[in-house]
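Let chain A serve as the given structure and place chain B on it in line with the hints.
Protein chains: 2
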Amino acid sequence: MSGRIDVLYHVRSDARSIDGRAKAIAIEQSVEMPVEPIDDPFVLEETVGRVEAIDDLGGGLFAVRIGLAAITTGMRPGQLLNMLFGNTSLQDDTVLVDATFPAGFAEAFKGPRHGLEGLRARVGATGALSCSALKPQGSSPRALATIAARMAQGGIDYIKDDHGIADQSYSPFAERVPVIADAVATEAAKTGVPTRYFPSLSGNLDDMRGQIALARSCGLDGVLIAPMLVGVDQFLTLKAENPDLAFLGHPTLGGLRITQSFLLGKLFRLLGADATIFPNYGGRFGNSKELCLALADGARRPWMDLKPCMPVPAGGMTLDRVPEMLEFYGSEVMLLIGGSLLSTKERLPQETARYVNAVRSFGKR
Amino acid sequence: MSGRIDVLYHVRSDARSIDGRAKAIAIEQSVEMPVEPIDDPFVLEETVGRVEAIDDLGGGLFAVRIGLAAITTGMRPGQLLNMLFGNTSLQDDTVLVDATFPAGFAEAFKGPRHGLEGLRARVGATGALSCSALKPQGSSPRALATIAARMAQGGIDYIKDDHGIADQSYSPFAERVPVIADAVATEAAKTGVPTRYFPSLSGNLDDMRGQIALARSCGLDGVLIAPMLVGVDQFLTLKAENPDLAFLGHPTLGGLRITQSFLLGKLFRLLGADATIFPNYGGRFGNSKELCLALADGARRPWMDLKPCMPVPAGGMTLDRVPEMLEFYGSEVMLLIGGSLLSTKERLPQETARYVNAVRSFGKR
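Read top to bottom, the protein sequences are chains A and B. If you count by the working numbering, then the first sequence holds residues -13 to 351, one letter each, in order. If you count by the working numbering, then the second sequence holds residues -13 to 351, one letter each, in order.
Keep in mind that the hints were calculated from the coordinates and are not lab data. Accuracy of the hints is not assured; some may be wrong.
[Unchecked claim] Cut-off 25 Å, straight-line C-alpha distance, at most; resulting in silico cross-link-like pairs (DSS-like, lysine-lysine):
no.: 1; chain 1: A; residue 1: K331; chain 2: B; residue 2: K293
no.: 2; chain 1: A; residue 1: K293; chain 2: A; residue 2: K96
no.: 3; chain 1: B; residue 1: K293; chain 2: B; residue 2: K275
no.: 4; chain 1: B; residue 1: K96; chain 2: B; residue 2: K293
no.: 5; chain 1: B; residue 1: K331; chain 2: A; residue 2: K9
no.: 6; chain 1: B; residue 1: K176; chain 2: B; residue 2: K331
Just chain A, with the same shape it has in the complex (with noise of 0.2 Å):
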């Protein structure tokens, strides 16, 4: 792998130090010692980070552009982690803004395979797509099942885990999954919606994979996985060992210094997400309207030859915000509102079905 990355921090500096301060992050971010020592010729050409351009934002804000070697990374996800932000995460006065990846990227991590029309296909919709969460932790895998049968009846596209829904024992995987799948698959060949259910999956490696086959044997065609959370080598390997799978990623501990749109838009779609779970303007999380569509449109637009990522916006969504919800994102979305929903309690298949003829109404499908 040749070429560099070129990495936009956002650094809080004075004027006099931002030089030094630019000089330390490529340092930090590449040979993390001194360069005077260093005589090795490729180690200076080539490993050391370089300085590209300092651009003054005003009020003590500095862009900073760092060109990494793209040949540090190795090419796996987690030491691309490890060299566009590890030790400088540890840094308060450096955010982690955007990168741009040299040729071969796309081609090494491979991005989504099934993606935004994926996941459309799944369902035959051409349009918006609805999404709802099983709720709350605690629940047993009847109790849940319950809720999922509901949504199916109510012909909600695709159902999945709360992302705090692991392998407890009130309701483990191997119980909750076949249990779900089963309601869901019976109402969908009622409703004649092909609603999915995507299970969600956590512990280690060899957990997820146990996790994996079971969801297979249960006719299941996705699941949801925290990539920050299970570790992002652990999502890659799923998805190369799983290729029929779609995953849809969540942004659980995503917070660190690394702007959403970044992180949950452009790096999880490079990674392979086919969607993408993100906290939605005006909810419980406190996003701009600015930064939801920058992340919306770095997961679906065109970028480095990836198919696109569908963006999932949510997080205290309600029923009366779907038009304006459609309105601001377009068709290109899969909306999900969770406790909205769920609260309608007995009435859920019929709210469901007004949720889901929203987002059907939107555009054609």
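This is chain B only, laid out in the frame that chain A set:
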């Protein structure tokens, strides 16, 4: 698993909003939906998070203590992180400061197997220890082995790979580790100091298992691991599979809004790091003396029947600071000096010996 984890968050808020904000965190980190529609008594009484206390710290900062049901963690490390801070990590106003665990956590996660005393015993020491890092990124295995040999000639206790040295083409793990291990063993036989070399693990769980097998075949008895990069479930699995190996924890990608004293001091210890590297005060990271001491003491002071974990301050340390650092931390410490030692090039054996002697002459060995 019964009982509650008592989690301390610091939240920026105004006095009018803090009650609601605290409740929102308790919900976000547990059932993640409105409580009103929940009618399952187990969920209401057991799994819903509880606000235990709110203290006004002044200046718009509040200390919020929340009780999270231990059962929701499934006693697995990734899910533990998910419940402690997963989605809340995406919210700018909240920092995870500390947590108190109920009975059973020490037994389930086990903590360090070797810890502070085990690391001393490996090199026949009773006082402070010396450590350095192999750099720079881009060097060949032979070049790194030359550096390692010089350090071993100086009688250093521990040598580790730079955390950025993974499995890249210019220094593949399988080529690098045998050459370096051999160089260190050869010099150690001459000096009589049983210098240890800990190579850096990377990749997925399978890759790391292979790397450990190779390290074992080279006679090594410890490794460097970055829990936040490889995923904490991988870390615990490798620890369980290799009870005789010592694990040196690296902080890379640890820059979440989790205090370093909790994440790198206590949580890494609970998960089983025998030693934990952290950015020292007065180096190239911005940590205060107070934070460093809290972190070191969290790692080594009596806590939940766990063995003490060795604190390893690092990050731009220089030889002239050895006496001051030992005065500050006492003898329950392993110093890590990398770049400034490497800058001495051919004089590395002599400078290493000076470093080692400064460490050894502090307190009794």
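Here is how each hint holds up against the structure:
no.	hint	result
1	A:K331 / B:K293	48 Å, violated
2	A:K293 / A:K96	9 Å, holds
3	B:K293 / B:K275	24 Å, holds
4	B:K96 / B:K293	9 Å, holds
5	B:K331 / A:K9	22 Å, holds
6	B:K176 / B:K331	21 Å, holds
Violated hint: 1 only; the structure is consistent with all others.
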